[in-house]
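Participant: Next come the chains, spelled out residue by residue.
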Amino acid sequence: MNQQGVRWTSEQVLALAPDDASRKAGNRLGTAGPWSGAGSSGSGAVWGLCKGSGSKPYQTVVDTTGPAYKCSCPSRKFPCKHALGLLLLWAADEEAVADSTTPDWAGEWLEGRKKRATDKEQSDAGAEQPAKAGDPEAARRRAERRAARIAAGATELEQRMADLLRGGLASAEQSGYGLWEETAARMVDAQAPGLAGRVRELGAIPGSGPGWPVRLLEECALIHLLDAAWLGIERLPEPLAATVRTRVGLTSPAEGPPVRDHWLILAQYDSSDSKITTRRIWLYGQESGRTALLLSFGAAGRSPQQALPVGLMIDAELTPYAGAGQLRADLGEQFGPPVPIGSPPPGGPAAAAVEAYGRALRDDPWLDSWPVTLSGVIPSPGASPGRHPQAGEGWQLADVEGESALPIAPAALSRPGLWKLAALSGGDPVTVFGECGHQGFTPLAAWSKHAAETVPLI
Amino acid sequence: MTSTSLWEELVTSALLGTDRRTPPPEAVTPGKDAPTALLDAAALHTVRRRAGLLPAPAAARPEPAPHDARPQLPAPARRRLAQLLTDRSAPSAGGRRGTAPDLTELLPQWLAAANAHEYQAPPSVLPALLDAARARTDLRPQALTFAGPRGLWLARLNPEWKFALRGASGSATLPDVGDPEAVQRLWDEGLFAERVALLAAVRERDAGTALALLAATWSTERAEDRLMFLDSLRTGLTDADEPFLEQALSDRSRNVRATAAELLSALPHSALAGRMAARAASCVSLDRGEGTTGIGVEAPHECDADMQRDGVMPNPPSGRGERSWWLGQLVEAAPLSTWPGRFGGRTAAEIVALPVADGWGDELHAAWCRAAVRQRDAEWSRALLGAPGTPPETSPGTTSLAERAKLLATLPEGERAGWVAEFIAAHGLSEAFQLLGVCAVPWAEPLGRAVVDALDIARDAGSYPWSFSGVMGLAERCLNPGEASRLEILTTTPPETEGASPGAGGYWSEAFQRLVSTLRLRATMAVELR
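Keeping their order, the protein sequence lines are chains A and B.
So the number in our numbering is just where the residue sits in the first sequence, counting from 1, plus 58.
So the number in our numbering is just where the residue sits in the second sequence, counting from 1, plus 67.
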């Protein structure tokens with residue numbers, strides 16, 4: 059191991075790719091052929107010139123401690139294929155990307171990053187008080203105005219829900235998306251994006267197959283619960299009130315006391331709708347035993363900037379947000395480059411996972427799932443070959459001892475990651491990290507007992 | 068009312084509408100309007116149900132995969148494999164361009180090398196590996212060997228990978244060939260593919276045992292199985308196999324008889340070879356005319372029952388004369404050692420150079436070519452190939468590229484490479500593709516140099532590289548990776564000369580860059596697998 063820590067594995071690099079196309083394109087550039095002047099520094103910087111279609115090669119720099127990327131190509135993907143290719147080359151070929159002196163063009167950007175980080179630290183240290191002090195009276199009045207608008211929105215939504223139930227959910231099947239889109243737009247006007255998002259999702263339920271009325275009633279009831287909670291928020295205990303504010307869509311900055319720990323990077327995946335790409339990164343604190351979620355966003359078609367290599371561990375500070383199960387956090391300062399993890403997070407049996415989800419619902423009844431690690435479970439594809447799977451007979455993760463199992467969530471069934479999980483296990487127990495909820499379990503990463511290596515299942 | 072049926076009541080009211088169906092009074096808080104009361108109750112029920120979830124009962128768990136005793140891949144090779152498997156989509160129809168190596172084309176080579184080292188596949192790549200093998204049949208044997216017992220275990224769980232079970236040679240499930248009981252059991256009860264694999268494995272260790280195994284059940288095997296078993300004797304054929312094959316000459320199945328005859332004729336000391344030699348010799352003789360010495364041919368006039376028993380097919384394909392058809396078969400099956408004695412002690416080269424009377428030359432030479440290939444006779448192959456530099460039409464031997472490729476395969480590796488190198492130097496690349504295919508990989512130095520020189524000449528002649536994309540692709544996969552630095556000089560773009568195709572220089576430089584970077588990558592791959 060040199061002073062910049064180990065080089066990443068190609069899986070870790072590929073896990074950073076914003077989509078399949080960039081994964082493939084980056085992979086093609088992950089050989090010495092198109093690169094010249096590639097090198098790396100002791101402090102985690104990697105750079106190189108990549109021959110493109112034009113006469114001038116693209117200049118690509120990566121700061122692996124961030125990680126952060128810079129490339130002179132016009133791509134809107136983040137990281138772009140050149141950054142991915144460069145990292146793959148760095149991961150695989152120590153000769154092609156050897157330690158050397160930083161060229162000027164790369165040095166400028168790296169210096170700039172360092173300077174911005176220092177400036178930010180100083181301003182954070184110095185400017186925090188005045189910013190808060192700004193004009194407390196005006197800020198309070200703004201907050202009150204917004205709360206009133208949201209309350210008006212929630213009241214209107216309640217009215218619409220009541221109308222819907224008076225007429226019957228069956229009518230929702232005919233009215234399709236239009237009804238919900240319009241209602242969602244009203245909630246956006248009311249400055250309650252959380253409500254708007256939940257309402258928009260209702261539109262998809264009537265077309266979601268057998269049992270839709272049950273699911274629609276459940277989701278309507280939870281929206282009603284959120285409306286009622288907002289309208290009576292002054293009577294709620296503060297932690298629950300914070301959760302309600304977050305669920306409605308009022309974001310407050312992360313302000314919990316920072317937690318420094320060795321954080322295992324367990325999983326990273328994106329989901330997107332027409333307007334925004336949301337990236338989730340799951341971390342587990344080795345000393346604190348805390349699981350944390352880093353959320354980052356990108357405008358449509360643009361991947362979020364934050365990306366961490368799955369399977370490594372960072373010594374870093376996280377600042378938690380209030381409410382919503384205390385999971386969400388912001389990444390603060392990192393102390394040194396990522397290093398490989400020694401062992402997976404500790405886990406429990408299937409029953410412990412559903413219990414953990416159940417407990418988490420006390421703090422946040424709107425939770426769809428809760429992050430858990432299962433240990434000693436055997437994945438099984440359920441239905442034997444040649445037979446059609448019957449209800450409840452699909453994929454599941456079964457405890458190696460006892461008779462309990464977790465069904466795999468329907469949304470995860472079409473992912474190739476399940477087969478990777480089966481291959482990794484080979485019928486023997488494995489450790490699996492994932493999200494456990496009322497829909498079932500969504501596996502995100504796994505470890506076999508033979509190797510500490512993290513296998514991403516996205 | 069239980070909470071389940073209460074919930075069902077709530078759903079029914081919600082579905083129909085509270086105006087039409089009032090929710091059950093015990094479900095809702097009094098004093099609220101019906102829809103709100105229904106939503107309150109539904110919210111309570113939903114959260115309670117979610118919070119009270121229990122695990123599901125476990126279904127049958129899969130049997131554990133068999134143990135794979137092969138050593139783990141070294142970490143760098145693991146990463147390389149992941150890289151090769153990420154980009155396994157077929158190359159775009161627009162042809163391969165650019166300077167980056169074509170990773171898809173390197174996968175077969177990587178798999179062969181990993182199998183030569185007997186590494187086991189990392190479990191997490193098995194799905195990608197099986198998917199790749201599903202899409203490309205040429206990858207299957209190597210991919211399945213590499214995937215090993217766990218790969219087969221996984222393939223059983225997913226109908227999309229059924230092909231793996233069909234194609235499995237069973238090498239993963241073969242018993243120890245030193246264990247006679249286990250061998251006998253598999254031979255008696257195994258699937259056909261398993262039995263073929265077993266026969267090959269036993270034969271490799273002890274040919275006599277294998278033959279005894281086969282002979283014991285021979286009469287009860289189906290005709291197509293007999294044919295396949297017989298065919299598997301082709302590898303490691305020796306004189307010890309003769310009695311068995313001689314017996315198979317009177318088999319019920321014509322195809323089995325023909326195969327037995329073919330195998331016997333490849334044994335120069337067999338009785339069948341002797342009979343064929345006598346027949347062939349009676350047809351072909353030294354013909355001393357006025358001042359010239361040549362070969363006279365008198366093709367057989369009939370195909371009698373003995374000839375047919377020895378595997379001669381009586382009926383020619385349409386368009387061929389009966390007598391030349393029979394002659395060809397006799398000469399093909401006769402040991403080549405027959406001829407020097409028949410022609411006054413002349414060597415193969417001298418015999419091939421003799422003129423042949425009455426236009427029988429092509430027929431006779433073609434039959435000798437087949438005999439040389441069947442008997443793997445290097446001296447005759449050499450004679451029939453002729454000198455690589457002579458223009459094909461004036462060569463005494465064969466002019467067909469397909470026949471030449473087969474003849475070349477009987478020569479030692481070094482000589483083969485040398486012959487093809489001289490052929491390319493004399494005739495260029497346009498006809499070399501088929502011949503290059505039979506050369507050992509990586510190409511020997513003179514061959515590699517000849518190919519690169521010929522590509523360089525093609526560039527100087529001003530043509531486009533894609534006219535040579537087949538050879539270029541072969542060169543990327545077959546050139547010795549050690550040549551990379553020597554080729555660096557070709558990657559510069561030359562100034563455009565008059566008469567050259569526009570822009571060709573740039574494309575050639577790109578093609579050579581790809582060649583060099585592919586060679587570098589192959590060298591790295593080999594090191595990573597060590």
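Just so you know, the hints here were simulated from the structure itself, not pulled from any lab data.
Every value quoted in this text rests on a predicted model; they were computed, and no experiment measured them.
In this text, a Cβ means the ideal position worked out from N, Cα and C, and glycines have one as well.
Where hints are given, some of them may not hold.
Said to hold, decoys possible - Listing some non-contacts, in silico: residues in chain A with all C-beta distances to chain B over 10 Å: (1) 109; (2) 112; (3) 124; (4) 150; (5) 311; (6) 393; (7) 411; (8) 468; (9) 489; (10) 495; (11) 506.
Unchecked claim - No more than 30 Å apart at the CA atoms, straight line, and that leaves these computed lysine-lysine pairs for DSS-like: (12) A:128 with A:82; (13) A:172 with A:128; (14) A:172 with A:114; (15) B:473 with A:507; (16) A:82 with B:229; (17) A:507 with A:109.
Participant: Next, verify each hint and record whether it holds.
Facilitator: Hints, one by one, checked against the model:
1. A cut-off of 10 Å between C-beta atoms contradicts the statement that residue 109 of chain A is not in contact with chain B; the least separation is 6 Å.
2. Chain B leaves residue 112 of chain A outside its interface by the beta-carbon criterion, the shortest separation being 13 Å against a cut-off of 10 Å.
3. No Cβ of chain B approaches the Cβ of residue 124 of chain A within 10 Å, the least distance being about 22 Å, so the stated non-interface status holds.
4. The non-interface label for residue 150 of chain A is inconsistent with chain B: the shortest C-beta to C-beta separation is roughly 5 Å, within 10 Å.
5. Look at residue 311 of chain A: its CB is around 29 Å from the nearest CB on chain B, clear of 10 Å, so calling it non-interface holds up.
6. No Cβ of chain B approaches the Cβ of residue 393 of chain A within 10 Å, the least distance being about 26 Å, so the stated non-interface status holds.
7. Distance check for residue 411 of chain A against chain B: the nearest CB is about 8 Å away, which does not clear 10 Å, and the non-interface claim fails.
8. Taking the minimum C-beta to C-beta distance to chain B, about 14 Å, the non-interface status of residue 468 of chain A holds against the 10 Å cut.
9. Its beta-carbon lying about 14 Å from the closest one in chain B, residue 489 of chain A satisfies the requirement of being farther than 10 Å from that chain.
10. Not every CB of chain B is more than 10 Å from the CB of residue 495 of chain A (nearest about 8 Å), against its label as outside the interface.
11. Not every CB of chain B is more than 10 Å from the CB of residue 506 of chain A (nearest about 7 Å), against its label as outside the interface.
12. Straight-line distance between C-alpha atoms of residue 128 of chain A and residue 82 of chain A comes to about 19 Å, which keeps the hinted pair within the 30 Å bound.
13. With a CA separation close to 14 Å, the supplied pair residue 172 of chain A and residue 128 of chain A stays within the 30 Å bound.
14. Proximity of residue 172 of chain A to residue 114 of chain A is assessed by CA-CA distance (about 27 Å); at most 30 Å being required, the pair is judged to hold.
15. As the CA atoms of residue 473 of chain B and residue 507 of chain A are separated by approximately 52 Å, the hinted pair breaks the 30 Å bound.
16. Taking the CA atoms of residue 82 of chain A and residue 229 of chain B, the gap is about 27 Å. The hint holds against a cut of 30 Å.
17. A threshold of 30 Å between alpha carbons decides the hint, and for residue 507 of chain A with residue 109 of chain A the separation of about 43 Å lies outside it, so the pair is violated.
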